[in-house]
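Enquirer: These protein sequence lines map, in sequence, to chains A and B.
For what it's worth, our numbering labels the leading residue of the first sequence as 1, then goes sequentially.
For what it's worth, our numbering labels the leading residue of the second sequence as 322, then goes sequentially.
Note that these hints are calculated values from the structure, not bench results.
A few of these clues could be false.
Computed list of lysine to any residue pairs in SDA-like fashion (alpha-carbon distance at most 25 Å, straight line) [unchecked claim]: (1) 166/A to 154/A; (2) 465/B to 297/A; (3) 301/A to 435/B; (4) 301/A to 405/B; (5) 301/A to 462/B; (6) 301/A to 464/B; (7) 166/A to 243/A; (8) 301/A to 251/A; (9) 301/A to 466/B.
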Amino acid sequence: MSGRGGAAAMRGRRLLRDWPAGVLALLLLALVGAIEAVFPGTVSPGWVSNAMLFAAPLGILAASQTLVLLTGGIDLSVSAVATAAAYLLATNAAYGTGSALGIAAAAGLAIGLLNGLGVALFGVQPLVMTLGTALMAGGLLTIYAQWAVARLPHIPGFIQALGAGKVAGYVPIDLLLWAPLTVAIVLGLARTGFGRLLYAVGDNREACRLAGVRVWQVLLAAYVLAGLLAALAGLVLVGSTNAADLGLANVYLLPSIAAAIVGGTSIFGGRGGYGGTVVGTLILTVLNSLLTLLDAPEPIKQVLYGAIILGLAAAYARLAD
Amino acid sequence: MREALRRCLGRNAAPLGLALLLASFLGLTVAIHPQFGAYDVQSLALGALPLALAAAAETAVVLAGGIDLSVGPLIAVANVLSARLMVHAGFAGALGIAALVLAAGVLAGALNGLLVVVSRVADVVVTLATGFIWGGVALLILEKPGGGAPDAFQNLATGTFGTRWLPNALVFLALALALGWGPVRASRLGLGLRATGSDRVAAFRSGVAVARMQVISYALGGLFSAVGGLALTASTGIGSPLAGLYYTLSAIAAIVVGGVSLSGGRGGMIGPVLAAFILTLVPTDLIFLAINPNYGQVIQGTLIVALVMGGGLATALRRP
Numbered sequence: 001m002s003g004r005g006g007a008a009a010m011r012g013r014r015l016l017r018d019w020p021a022g023v024l025a026l027l028l029l030a031l032v033g034a035i036e037a038v039f040p041g042t043v044s045p046g047w048v049s050n051a052m053l054f055a056a057p058l059g060i061l062a063a064s065q066t067l068v069l070l071t072g073g074i075d076l077s078v079s080a081v082a083t084a085a086a087y088l089l090a091t092n093a094a095y096g097t098g099s100a101l102g103i104a105a106a107a108g109l110a111i112g113l114l115n116g117l118g119v120a121l122f123g124v125q126p127l128v129m130t131l132g133t134a135l136m137a138g139g140l141l142t143i144y145a146q147w148a149v150a151r152l153p154h155i156p157g158f159i160q161a162l163g164a165g166k167v168a169g170y171v172p173i174d175l176l177l178w179a180p181l182t183v184a185i186v187l188g189l190a191r192t193g194f195g196r197l198l199y200a201v202g203d204n205r206e207a208c209r210l211a212g213v214r215v216w217q218v219l220l221a222a223y224v225l226a227g228l229l230a231a232l233a234g235l236v237l238v239g240s241t242n243a244a245d246l247g248l249a250n251v252y253l254l255p256s257i258a259a260a261i262v263g264g265t266s267i268f269g270g271r272g273g274y275g276g277t278v279v280g281t282l283i284l285t286v287l288n289s290l291l292t293l294l295d296a297p298e299p300i301k302q303v304l305y306g307a308i309i310l311g312l313a314a315a316y317a318r319l320a321d
Numbered sequence: 322m323r324e325a326l327r328r329c330l331g332r333n334a335a336p337l338g339l340a341l342l343l344a345s346f347l348g349l350t351v352a353i354h355p356q357f358g359a360y361d362v363q364s365l366a367l368g369a370l371p372l373a374l375a376a377a378a379e380t381a382v383v384l385a386g387g388i389d390l391s392v393g394p395l396i397a398v399a400n401v402l403s404a405r406l407m408v409h410a411g412f413a414g415a416l417g418i419a420a421l422v423l424a425a426g427v428l429a430g431a432l433n434g435l436l437v438v439v440s441r442v443a444d445v446v447v448t449l450a451t452g453f454i455w456g457g458v459a460l461l462i463l464e465k466p467g468g469g470a471p472d473a474f475q476n477l478a479t480g481t482f483g484t485r486w487l488p489n490a491l492v493f494l495a496l497a498l499a500l501g502w503g504p505v506r507a508s509r510l511g512l513g514l515r516a517t518g519s520d521r522v523a524a525f526r527s528g529v530a531v532a533r534m535q536v537i538s539y540a541l542g543g544l545f546s547a548v549g550g551l552a553l554t555a556s557t558g559i560g561s562p563l564a565g566l567y568y569t570l571s572a573i574a575a576i577v578v579g580g581v582s583l584s585g586g587r588g589g590m591i592g593p594v595l596a597a598f599i600l601t602l603v604p605t606d607l608i609f610l611a612i613n614p615n616y617g618q619v620i621q622g623t624l625i626v627a628l629v630m631g632g633g634l635a636t637a638l639r640r641p
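Isolated chain A, as found in the complex (with noise of 0.2 Å):
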């Protein structure tokens, strides 16, 4: 590589290192400006209105999966998490909305604090650990369903709103939700003491326990934190759909990680942030949109995107190293 190259690359390097969400904001500029150009006309405040509207579950979704990535784990219960949330309000909810939020967030922070105790105190891998609960909420979830068979499912008007609505004509209400909460996660983790001993964790665990660091306090937390957020993801999912199933959320397990992947949250912890997840989400649904909108039968779609999230991985650990 001649010397004019490779202090360019070395810039970009430096520059995805240090300020990975606005090297991916540009991808997503140049996704958007793609579908522009192929198919004119399109962009417009309406779809990008849609865009942010489909975009909410998914990265609230991914935002538990980031808090859990950032302390060198991952968690395959969130979709369990977030479908169990979303039935246990449609089932509930006719016999009283408050009581029925109650239930849902309790579903998510049952299952968080199995997954933290389990990773926390007990030293389990977090891989097995949430593919443990997620199939023992799944399992419950299905028995549940039987039992409350004869229950009218109903979501309230407000979750409705939540999940579909839109103010002003274009502001989508789960952005009101989504933003403030982006906002204060990001905050949370760059200013708080708690979102750098996720990290400090996640790098180096051992380093945390020797200088004085409760590391199991750190990652109760944390997995507590990602089952609650779960659950809210389920109930914006079953907002937008308007139909709780036993499946809601299963498509939505993969997306997740891989939202925080593409966004530059490593796998194995210490390395990223809520930033970059949030552009990855939207990466995700841009791509979405487009595959759509170039006519690509779901199989197709499925290989894309499977192609895409691989090759941005691979770009990512290349530069970053």
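Position chain B relative to chain A; hints supplied.
Expert: Using the frame of chain A, we list chain B on its own:
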């Protein structure tokens, strides 16, 4: 002599324990369902066959220190590819197609391994993405469940061997493991795979071709996934493009229950295969007991969680 016996028992604690567990589950099954007969043995073997092969695929990868989330989707590809090609074939033609599918499986697995080694992306992410891709490919080959296989080919799994009590599915499984894993285990290759899994740096410094071992482990995973897909075709007679989803997670469950360490290097092939039979038997027993079989999934999850938490506790207590 006694020392040697104890060492042998210690080394094989997981498979022996699982064999005992499986035997007691079988005893329990006979106790609650006295009519348990040759037909039930056969349906157990048929049900466990694809899962046992999926577990074997995952074990080959995990022993060498990797993980493969694309096992299930690859099984689905092998299943729909064989079912689509075999629908009008004779027995000889079906065997030729099976060989083709096996070769495709090895190639797909090796591709996983190459991507992990070359791209330096984490194995979880690589196989997550290739899993996406295989899932799409399976849907491209067969849009909805269909295809077929000649009766003689299906008989390889659904028939019986000699006596009514020995299902062909068991013979199929034993042959697949003996031919696919036996030579590996007996040779330096098996040692190299294990060495790579238990400590990559140490293995590299002792002259093990670590990258090659990783690729080979994924290729073996692809081979067993393809065998699993063929077994699924033989046992169900059709190809279903969405069959794979279930197998990735259940294969990981089987290897955890089967005593294979997810951090690599430790465990064997027998444990996960026995675990696959146990995990298949649990829902059957629940049906015999007239309990909601959906508890099977809960039990599977609880079993994983309890086992790994118990293991974690034991490790923590052993540390001073």
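Enquirer: Run every hint past the structure and note whether it holds.
Expert: For each hint, the structure was consulted:
no., hint, verdict
1, 166/A to 154/A, "holds, 21 Å"
2, 465/B to 297/A, "holds, 14 Å"
3, 301/A to 435/B, "holds, 24 Å"
4, 301/A to 405/B, "holds, 22 Å"
5, 301/A to 462/B, "holds, 14 Å"
6, 301/A to 464/B, "holds, 14 Å"
7, 166/A to 243/A, "holds, 19 Å"
8, 301/A to 251/A, "holds, 14 Å"
9, 301/A to 466/B, "holds, 20 Å"
Checked against the numbered hints above, the structure breaks none of them.
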